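Reassemble the complex: the two chains are provided individually, in unrelated frames, and hints are given to aid placement.
Protein chains in written order, with my numbering: chain A, 1 to 319; chain B, 1 to 449.
These are calculated hints, taken from the structure and not from any lab test.
Here the structure is a predicted model, which is why all the values come from computation and not from measurement.
Careful, some of the hints might be misleading.
Far from chain B, some chain A residues (derived; all Cβ distances over 10 Å) [unchecked claim]:
hint: 1; residue: Trp-92
hint: 2; residue: Gly-267
hint: 3; residue: Ile-295
Computed spacing ranges between beta-carbons, pair by pair [as the list claims (entries may be wrong)]:
hint: 4; chain 1: A; residue 1: Phe-147; chain 2: B; residue 2: Gly-434; range: 32 to 40 Å
hint: 5; chain 1: B; residue 1: Ala-86; chain 2: A; residue 2: Ala-43; range: 52 to 60 Å
hint: 6; chain 1: B; residue 1: Asp-433; chain 2: A; residue 2: Leu-181; range: 23 to 31 Å
hint: 7; chain 1: A; residue 1: Glu-157; chain 2: B; residue 2: Asp-431; range: 27 to 35 Å
For each residue, glycine too, the CB sits at the ideal point set by N, CA and C.
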Amino acid sequence: MSATTTEASTTKTSRRRRKKKPFRLLTRRDMVVVGLLLGIPAAIHVFFVWLPALLSIVLSFSRWNGIGGVGNIDWIGTTNYHQIATIYPPFWPAVRHNLIWLGVFILIATPIGMYLAVQMDKEIKGTRFYQSAIYLPVVLSLALVGFIWTLIYSPDEGLINNLIGKTGQGNLIDWLGNPHLNLWAILIAASWRHIGYIMVLYLAGLKGVDPTLKEAAAIDGASSRQAFFRVVFPVLKPINIVILVVTVIESLRAFDIVYVINKGTNGLELLSILVTNNIIGEASRIGYGSAIAVILLIISLGIIIPYLFRTFRKDEAAL
Amino acid sequence: MTNPENPLGTEISRRRLLQGIGAAAGLAVMPSVLAACGSSEATTTTAAASGNQTTTAAPAATGTVSVGSNASDEVPRTAYQNVFDAFTTKTGVDVKVNTIDHNTFQEQINNYLQGKPDDVFTWFAGYRMQFFADQGLSTQIDDVWSEVGGNYSSPLKSASTGLDGHQYFIPFYLYPWAVFYRKSLFEEKGYTIPTTLDEFKTLCGGIADDGLVPIAFADKDGWPAMGTFDYLNMRMNGYQFHVDLMGGRESWNSDAVKQVFAQWAELLPYHQEGALGRTWQEAAQSLVNKEAAMYVLGMFVGQQFSDEERDDLDFFAFPEINSEFGQDSVEAPIDGLMLSKAPANMDGAKELLKFMSTGEAQGIYLASDPNNVAAGSDADTSGYNSLQKKAVELIGSAAHISQFLDRDTRPDFASTVALPSLQSFLNNPSDIDGLVKSMEDQKLAIFGS
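Next comes chain B alone, as it looks inside the complex (with noise of 0.2 Å):
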């Protein structure tokens, strides 16, 4: 059967290799059938073994619902999955965690939702869920909310609601942004505390005669100077001022924000020098070192204090600009959940949902994270250092509570269009009319359309 044109006899070699190449096809492909296998036969180990369970506790979920954590840090998983370990003992309905490196998270949250998210998500309150819950990407849970809404506050519901005004989101925590100072320090200076831009300026110019930085800034990374222009924007123009600029229905080039810009160059001489090179830890470290007075921040600056000195650490509302609006806007940030646009385990991710509002859950939460207060107003606040119960009273007394530059307003236009430009602004305060027209030409070629 030798072919005579082929005296080596290579060719069924040949062939054999082309055999080889379509097995190697095939096992690359046996993986995910594998995966398949295994995965359907978790459900239902699990599904059987929280049957067990119902009968004692009979709720009407059962199975395992599945979440997609961006919690990727070792101690906010570590207490992530304490709850959810808590929430399987009184329901007897597994979580599966999924958890992604937070950054990826972000990154790849539009084919994420879009592929085969979890039942559930961790998400960000504010134009951030607005804009998936928009999108179709995320199921309304109004029925959940009718239930736990009583455990939240206005602002927070309003933050929690789509633009079409249902509920998408459970706030789970959140922190407040305001001007953190060092008690000592205050008290040895003779400083007190400002509620006017006036005093501030005075403040400011005092603790410049004493050789001290009054205000330490960073913005190597873009986005900590944001929290200042929502400061300044939402003392001047208002809340909805602020609420409206960022969804695009204000213009950057108004009266209105020149004037922001306008106040925040008077205030520049103040700042930190070189806040473009630096990150927000190095500029907290010289609030811990007594080198810089005050720092406009989140209260994760508690994060570079040791145990010992975080109780030296104190705060106060950004001051007062315009009397009309007062200080009654604060800047918190809320992290919680939502529920993805087909949930495998609906009943389940719901349960899931009304658990996490609860007081007792983000108490769990938050027992390895003293930088954050529960959303839920049931929460259980014994337990907080100063600085938590101290936020908890800022946050109460707000009407409004804006969420960040970053999470008000599209993140393309956030991360391509703001970012970059509150940096311009900070190497040249002094072209305000070229930048505010430059950012208003790129919001309406986002927006637009």
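This is chain A alone, in the form it adopts within the complex (with noise of 0.2 Å):
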């Protein structure tokens, strides 16, 4: 009885609706199903990622250590903060060391990614055995690419100090244990990984580019140098976007390697693994390691955000 009251109603109500509005394609029925399609989605995200943010955040205004209830966090204000800035030795360090990596990668590593991308798609001889070879290192476990550059920096038993023959007492290079050296022997090997990665995703944008594009420049008498930065580049705008995305996030977010190879301690201090040595462990300091990652929320946020809204903002201003 109540069910067919209802659809009674709703062809009513609709009815007078469709006078009103003739187009109208949903019913309030489908409202519900297309709430709940993204609501459910919705209310997930933001219980995995928003609320775990928020709760970072307020997290790091505490001292914890993360046993017993609630009841035992200690509200210390912005005393975390004021210990990182200034009684914390690895902050500094960590902070310049995650910015030269950004460096690092957006000069040097993800260019060389897209110069071998270029060049793949050239199809010149024997690409296929090129694009495994380069990409090889992606796919490789993290822990097996930090055991394999171990092997090549160790101090006596490695493959560079033995093949140049300095492993002997007085003459040794350190190049894990060395803080001004290993840095940049820990960026080579991520370099390695990061190349590799940023190929394929740019072969697989260049693939897209209509091809008579190219012809067209060629016909024009571009050289293939001009036909790449005045025409494909530009052309490749979204794919440019992502790679430098992609680029920003992985310098941010590094963490692995380093990880694997000295637990992030000695010259190799970064942000992400400051949080992780404070906050996993036995007697986590939640907290402190908290205020870390806020820290590195905002600096990721200060230098994503901003770009994004430039582009986009120009997308549409162009539509």
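Here it is as structure tokens:
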């Protein structure tokens, strides 16, 4: 009974509406379904992304070792931030190392990856082989990558020192232990992976470029260099944004190789590692680690958001 | 019944979809329900099985005891299993072992102990035990100790005692830190064992003149150098100062600590170069290959020696620096077992702890592990190799047993302050004043409140 009345009433209301808005496609029931289908993922997103992020921010104002209930949390205001900036020796090196990492990736590793992608796109002989060889490091597990580079850099048993004969007391080169050297040694290893990643991403973009564009450029007398910089590169703008964002994200969340090699101490401090070292472990400093995480979040947002805003606003203007 | 607004008739399928989502969510809950059924079933059957056996053995305890173990490597895992099997045969109480990867176990110990921990879990003596005892995450076992206490020397007892004076820990095995060397190399070159710092320095000078590295050294992972610091500190300032410094009651920014670093800086030229890029295994290889003459490390250095060459490995106690303290302290980390905060099977768990305190149980474990020695004094040492026998002697002669820097202090201080600070000292041994001030500032931030 009630079902028929509600159905009748809905038809009535919708008929009434139809008079006003004849092209309306969704019933109330559709709206509910759409609402649920959008609402569930949105709720999951809020629950698993925004809630933890907000809780991190809240916890960054506390001192808590993770034991006992919420009542055991001491609220200490901005003390954590103050201590991080003043008496925590690894913090400023970590910020510096993250920025160096970003600089090396943007200025060296990413351009090399893009250059290789352009070469691969020319279908030179053995392209498939080179593609696989360059992409291989991305496929390897990080523990393995760390292990491979440890074998190469190890002071007495490593490949490099044995090749150049610098393993003895007095003339040894300590690739991983010398804090002025080890960041650069690790950056070579990290770039080794990053180049392959960027190459594949960019190659996928290049494959999608309409070949007639290049032909037209060639007919107009453009050299291949000009054709790339004046025609292909601007056409690939969406891919370029993806590459840039990926590079920034990869540099800021850099963690694994360093963690495998020496857990991020002694010249290899990174913000992500300071977060882990403070939070994970037996007697975790959850508030302190959260404060570092919030700083990392702010740096990430500070770099990514303005760029995306600028880019997409331009797109809208162009439309 | 078709909805005029919905000519495609997709609405029902949408509803089905939602039902499907609901069902999927339900399914996700299912395994835990099933698991709950499974485990309760398991306990009832084992209880029945042990019930049969108790008629012969007749102890008070029955049922199943669960043990959380960090012995994830093949050899120790099998060794522990052998011990538990012996316990089951003896008492009829079943043991359910829950083995977790060694590092994961340590990293998650907080959550583990607060969640639903096993009845008994493997852990370390010293401050690391006291910390969790102090947080109420472990049950005191004074009654077990009143029965088995006679099997332990007094330094072992104090290492098992919480800050409140109760016992929380059953020592199972331990291994000493010392200065390791190869007998054949010392014989060949005519080196003599030093007992004082001056003799030690003279020896180091002689070894360097022979073109060898006097002291193998590695600190890439950050912890091996802590052993050297501990020994210098205990030889110069005594065991009690070590305990107070680690407990946050003494200042790092004090002359006593500065002198330790200054003494270490003086010895550093005799240490192997490039320590911060080297693992202890690699440094041990230089001892194996006779490129380095000595190595300050734990007895696990033997793992890097082949079975034939292990007989050539020997050690001496870290030399005396201050005659007031002599060589009275030995750094010998103790591994053992604790009781969780609310064990499901209290009687069975205590029965297991009693068994683990016997030399018999420890002997079964050590049969497959020659790099440790049993903690109980009634352990049968006849099967020990010469190194183990010497280790027993060294530990037996000690007035104090320290646990190692990262076991004697708060874990957060050890990993986020002490570890990077010692590494930065090794990089730049000249700025001791700045270093100890920074350590003290951070210590106050961590221990304070």
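Hint by hint, here is what the structure shows:
1. Trp-92: holds (13 Å)
2. Gly-267: violated (8 Å)
3. Ile-295: Check passes; 16 Å lies beyond 10 Å.
4. A:Phe-147 / B:Gly-434: 32 to 40 Å: Holds, since A:Phe-147 and B:Gly-434 (Cβ atoms, about 35 Å apart) stay within the stated range.
5. B:Ala-86 / A:Ala-43: 52 to 60 Å: For B:Ala-86 and A:Ala-43 the Cβ distance comes to about 53 Å; the hint holds.
6. B:Asp-433 / A:Leu-181: 23 to 31 Å: Given about 26 Å between the Cβ atoms, the range holds.
7. A:Glu-157 / B:Asp-431: 27 to 35 Å: holds (31 Å)
Of the numbered hints given earlier, the model fails hint 2 alone.
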